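Participant: Here the protein sequences line up with chains D and G, keeping their order.
Residues in the first sequence are numbered from 1 upward in steps of one, following the working numbering.
Residues in the second sequence are numbered from 223 upward in steps of one, following the working numbering.
Hints in this document: simulated from the structure, not taken from any laboratory.
Be careful, since some hints might not be right.
Unchecked claim - Counterexamples of contact, computed for chain G against chain D with all Cβ distances above 12 Å:
#, residue
1, Ala241
2, Gln256
3, Thr337
4, Tyr345
5, Val368
6, His390
What the hints assert, rightly or not - Per the computed footprint, the stretches of chain G lying under chain D, defined by three or more beta-carbons under 8 Å from a beta-carbon of chain D, are:
#, segment
7, 243-249
8, 356-367
9, 421-427
Stated by the list, open to error - If we take Cβ atoms under 10 Å as the criterion, some of the chain D residues that face chain G in the derived model are:
#, residue
10, Pro134
11, Leu150
12, Ala159
13, Pro174
14, Leu216
15, Ala222
Keep in mind that this is a model prediction, so the values were computed, not measured.
Heads up, the beta-carbon is just placed ideally off N, CA and C, and yes, glycines get one too.
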Amino acid sequence: MLAGFRALLHKDLTLERRGGRVVVEISVLSLLVLVVLVIAYGPQAGQRPVAAAGALWVALILSGLSGASLAVSAEHENDCLTGLRLSPLEPATIYAAKVAGAALTMAVSQAATLLLLVLFFNLQFDLNLLRLIPVLLLGTFGLCAISTLLGTVTSRLRAGEMLLALLAAPLYVPELIAGVKASAAVLGGASLTAVVLPLKILAACDLLFAVCGYLLFEYLAA
Amino acid sequence: MRLSLTTAFAAATCVLVLAALFMVFVYVPTEATQGIVQRIFYFHVPCAWVAFLGFGLGAIAGAFYLFFAQQVWDDIGYSAVEVGMLFCTLVLITGSLWAKPIWGTWWTWDSRLTTTFILWLLYAGYLLLRVIGEESERVARLAAVVAIVAVLDIPLIVISVRLWRTIHPAVLVTRSGEHGLEDPRMLQTLAVSMLAVSALSAWLFWMRLKTVRARSRLFQLRRVLAATQALRNGAP
Chain D
1 MLAGFRALLH
11 KDLTLERRGG
21 RVVVEISVLS
31 LLVLVVLVIA
41 YGPQAGQRPV
51 AAAGALWVAL
61 ILSGLSGASL
71 AVSAEHENDC
81 LTGLRLSPLE
91 PATIYAAKVA
101 GAALTMAVSQ
111 AATLLLLVLF
121 FNLQFDLNLL
131 RLIPVLLLGT
141 FGLCAISTLL
151 GTVTSRLRAG
161 EMLLALLAAP
171 LYVPELIAGV
181 KASAAVLGGA
191 SLTAVVLPLK
201 ILAACDLLFA
211 VCGYLLFEYL
221 AA
Chain G
223 MRLSLTTAFA
233 AATCVLVLAA
243 LFMVFVYVPT
253 EATQGIVQRI
263 FYFHVPCAWV
273 AFLGFGLGAI
283 AGAFYLFFAQ
293 QVWDDIGYSA
303 VEVGMLFCTL
313 VLITGSLWAK
323 PIWGTWWTWD
333 SRLTTTFILW
343 LLYAGYLLLR
353 VIGEESERVA
363 RLAAVVAIVA
373 VLDIPLIVIS
383 VRLWRTIHPA
393 VLVTRSGEHG
403 LEDPRMLQTL
413 AVSMLAVSAL
423 SAWLFWMRLK
433 TVRARSRLFQ
443 LRRVLAATQA
453 LRNGAP
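With the hints as extra help, turn the sequences into a complete structure.
Facilitator: So this is what it looks like as structure tokens:
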């Protein structure tokens, strides 16, 4: 199972390294979202870590849903998903590899998003940004887990992107609430021990989405 | 004249609903602190119970559909979620009607209200999927997965009052563990109201299931006809 997981992950990352489509597209989308929000917030935006946290998570969700959709829809070209299903790989292995690939890709684009956040919201390159990383990683994983599961089918439907957003966004709300709370606190100077409860909620949601995806992916990939 | 089971059940539901309306507006005493607006409680709580029941049935039927791949489970799940969605919408509406005079606002991002709204959004997505997506096994499977994952929000609604601060009243089980209905007539009215709304929802579910089953059968026949015609056209 591990060998299959590694092979699939390597394939996805190699394709992304050669084409760079997903990283570029979701980075550009994040940039646009941040620009719009900075303008919408007005000149006071730079003084509020809460505004920065909110903007960061809006960019994360919008770009993440788009990125997951792109990553999964790539498997529909030439019916590659059917080919994967016919291989000896277990559906759960395919799912795990797709989630890992999507999460790593998103992590790369989020590094760029974080840089833009610092510039647009007048943040500092300090310890607060480092404390933000575990919060973002947990949030990214959960989003990738649920988007990959649902995107397997929605990417083949008409209005698939809208359906993915409609289905995934409400499921993601508990993570969103916890993530924004934790991010705002951390950007405001709080330590990680002060945001243990939101981190626990993020971890619990991630576990829930991962288990659901692990159990249910084979029914959706058929 | 012999009555069919459906007609008899519909008649019994009518009687129950009328009895519930009588008890809510005439029999039960007016609550001391909230006044007449408190009577919304006797619609709000039964609607919530029925909504949870509908979504729970939708999730169970979804799981059976994934496991057994029989169309009947998909039809049951779809019908149950539709009825659940109707009553979930009524929960939000009746809640808002109560909240405006009591809290001074139609809505607040309280933990229970937020988690209930998330539930409504999740199943709105389910219904949109059924409407926008084509009639296919793939869409039915995705809908079943959504129903199974979305139902996990229901325990979150129940425990939200313990996890986070809330201004939502705890009447059925107060924070000290007792129930908040002092007068026995209130409990009686609630019981009859629960029975009436449950019967109404069961009847609506049954009617909807008949329609959905007929539609599934129609699609199945169309597929068979298309396959037969294709075979005939392909024959030498």
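Participant: State for each hint whether it applies.
Facilitator: A quick look at each hint next to the structure:
1. Ala241: 37 Å, holds
2. Gln256: 30 Å, holds
3. Thr337: Thr337/G is in fact no farther than 12 Å from some Cβ atom of chain D, at 8 Å.
4. Tyr345: Non-interface label fails for Tyr345/G: nearest chain D Cβ at 9 Å, not farther than 12 Å.
5. Val368: Given that some Cβ of chain D is not farther than 12 Å from that of Val368/G, nearest at about 6 Å, it is violated.
6. His390: Holds, since 17 Å exceeds 12 Å.
7. 243-249: violated (count 0)
8. 356-367: holds (count 7)
9. 421-427: violated (count 0)
10. Pro134: 22 Å, violated
11. Leu150: 7 Å, holds
12. Ala159: 5 Å, holds
13. Pro174: Check passed: Cβ of Pro174/D comes within 7 Å of chain G, closer than 10 Å.
14. Leu216: 5 Å, holds
15. Ala222: 7 Å, holds
The structure shown violates the earlier hints numbered 3, 4, 5, 7, 9, 10.
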